[in-house]
Structures are given as C-alpha cells and as structure tokens.
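*Asks:* Could you put the whole structure together from the sequences, leaning on the hints where they help?
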Amino acid sequence: ETRPMLPTWQAGPVVPIYAPFNYDYLSVTNPQSLYSALESRNMVITEAYGLPDESNPQEVEEAAIWFDWYSNYIPPTDDPSEPMSDVYYPIFETRENVKVDLENGDDQVVGLLAATWFWRDVLKDILPDDSTGIVVVFDNPCNPSFTYMVNGRIPLYLGRGDQHETQYDDLVIQNDFSGLSSPEFSSIPLNENYCPFQISVYPSSEREDVYTTADPIIIMVVTVAIFMFTTLVFVVYDLSVERRQKVVMKTAVTSRAVVSSLYPEVVREQIESASHISGRDLSTKSKRSMEKKGFMGSCRSLFKQGEKNSIASLIDSFGDSSAGAILETTPIAYLYPETTVMLADIAGFTAWSSAREPTKVFLLLETLYRAFDESAKRYRVFKIESIGDAYVAVTGLPKAQRNHAVIMAKFASLCIQKMNLLVADLEKTRGPGTAS
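When the letters of the sequence shown are read in order and numbered with this note's numbering, they come out as residues 1 to 436.
Treat the hints as calculated values from the structure; they're not laboratory data.
Don't take every hint at face value.
To be verified - In silico DSSO-like links for lysine-lysine, alpha-carbon gap of 30 Å or less: (1) 250 <-> 383; (2) 399 <-> 383; (3) 399 <-> 410.
The structure displayed is predicted, hence computed values, not measured ones.
*Replies:* Below you can see the structure in the form of structure tokens.
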C-alpha cells in the first residue's frame, strides 16, 4: 500500500531525539488529521490531547511521560499538563503573487506547515484585568471537553470535562471555533468537518459576586431615610408654625376683643390707623439716631450721668424729630352733646371686701358685671369701664340716641334688680353681709 510521505525539513525548537530533517512526520503523529488537511486543502486543527482519564492509570502514566518531555521546550512558568492541539496549514504549488483558488484551481498541496499550541494561549490577554469569573468550555466530537476559568488576562485550567455551574445554563453564549476565524488573517479556511470545536461561555458564582452587592439597597435606605427625615422636619416645622399661628391668631382675636369692648368701632379704626402711621414714622426717624450710638448705648450713657429726667433725655437723644412725631399724633376726641352717663358704686364694698378672700371678691364682681354687660347689650348701652366696684356706662354714643335718658334709666333700674337677686344667691356661699 502506498501513502504520501511528509519529510520534516525543519523544526523549532530543535528536538534532539529526532533527525533534524527528512524524517517522515506521518510516522510520529496521527495520520487522519494530516490526510484531512491534504485532501480538503483546508487548515485543520487537531483534536486536543493531554487529557488523560484520571480513572485510567495507564493513560495517566503515559500522559506524565509526555508532559515531562514537553516541559523541556516551554517556559518554566507554563504548565505542560494542559490541553494542546496541532494546526496544519497547507502549502500550495503556485506561481508568485497568485491567489490560490481552492474550489476550481489545480494547485497541488506540496507541504504542510505544522504547529503545536496550548489552548490557554487562545484565552490569554483577551479580557481586561477586572473581567473575572468567566468560564469557557471547549467541546469537540473527537475527545472529551475541557474547561478554563478566565480571570482578566490570565486563564486558569480547571480540568477535563464540562465544569461550569449548572445554575447558569440559561446564560450560556456559544459559537463554533471556525466562526471566530477571519479571512483577514488567512486565505486558507478552517476545515469545519474534522473535529470541529465549539466554545461555550458561562458566568460563575465568582462573577455574580462582583455584581451582587448591597450598595443599591444601602443607597436606597439612606435616600429613603433622608427623605423621611426631611419630610418629618417639614411636618414638625409646619405643625409648629401652624401652632404658633393659632396662638398669634388667638392673641390677636383676644386683643381685638378687648379693644372692641373698650372703644367704639369708629374709634378703633382711628386708633389702628394712627398706630400704623406713628409706628412707621417713629421707626424711620429714630433709626438714624440709634445707628449712630445704639439704643443700649444711649441708655447707659444717660443713666451713668445720673440725669433726673432720663426718659425725656433719652427721647431727646434720639432726635427732636422722634419726640415730635410722638407729640404730633392727632388725639382721638369727639363731642357728643346729648348723652347720659351712669356711675354705679356698691355701697359698703370696701368694708365687705376687706374681710373676704380675693377669690370671693372677684367672684362677686365678675357675677355682677357679667349680668350688667348682658343688659347693656340688650339696651344698647355702651360700657365705658369698670374699676373695682365702680361701673361706668353711657348712652347716646357712639351712635346718637334720641331717648338716651330713658334708656339709661331703664338700664340702671334693671341693674339694681339683678344685683339684689344675685347677691341674695351669693350670700349663701360668700357669707353674711354679702346682700346688705
């Protein structure tokens, strides 16, 4: 039986146990891969070797012999026990500068360029340093699969078989090794029929740990906490402002009610208008004087000098314009020619109150004056003031009343009747002499 002969012309690095050239390459390697390259006239990548079955002692022993021999021709840092393959590249008999026509040409294959390489070199230096935990599985129908873990630029051999984590099966990315070749690198295509390699890429738990972090949850919690704190601050501030507004409003209503009870409406309006204008004038005119010396500074200088009329001197120190503004305020005064004034006084009150507790005295006056005020509203009598046991009221103002004297007489009579009834009831609880 005749067969082709492939005399080896040159090898590098030099293998000392073989003749440097002219030995038949078919005699030392698997001829099937060589025949496939010769017949298809395509580049061929052989099956991977260096994958002994750990359960087979003979394969392990034979592989150890080969690994020991390989270690003489590779750098000391490289592992000789990792998978490797041969690649055969056909050389054609053709004219110079003429492209080989693989389909229709008659160019004959006159030789093969053979090289042996480790599969780790396919994965080396192809990813950045921070790309860790990438599992790559190589499969082909001619020999068992094998697995690498790529951590940045350095691949780590995991061993024979498919060793990826099965929980990541749905995230696999697969491609044929021939699909990765490009015409830019070779005009000779890769033989896809001889031991075609398939590459499967999977993530790993190590890779997942890189992306699984509590930072988003922490950031979310901190953001929510800040938002809740800000909201709480605004709510507390809003409640405090609302509460203060209620207090201010209540105070204003109370103050206005007090003013309303003391002055007629026309007088109240004039007082408010005059107060607003006077306050504005005073603040404007006295500002320049206080800016020069300061209010407290002016007070200290006056009291240190021991002046007798300190208040007047203090007003003068702010400037004549400020004092003048106070004195120039228009007085509120009206003439009512037809009015009737009632001056009521409780007989024996001084002697009675001196022998009673203040609370009992206050209860008596409050009970009587409340009844008088109710009657005053009924008869449209204007209450001027009440000082101690004195009650002062007037009719005929602020609105004129034609029968003001009659109204006041009826009001006075009603007050006497109510007083007699009330003090008789109070005598039971306030002691003898209350009704006398």
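*Asks:* So, for every hint listed, does it hold in this structure?
*Replies:* A quick look at each hint next to the structure:
{"no.": "1", "hint": "250 <-> 383", "in the structure": "holds (24 Å)"}
{"no.": "2", "hint": "399 <-> 383", "in the structure": "holds (13 Å)"}
{"no.": "3", "hint": "399 <-> 410", "in the structure": "holds (18 Å)"}
The structure meets every hint from the earlier list without exception.
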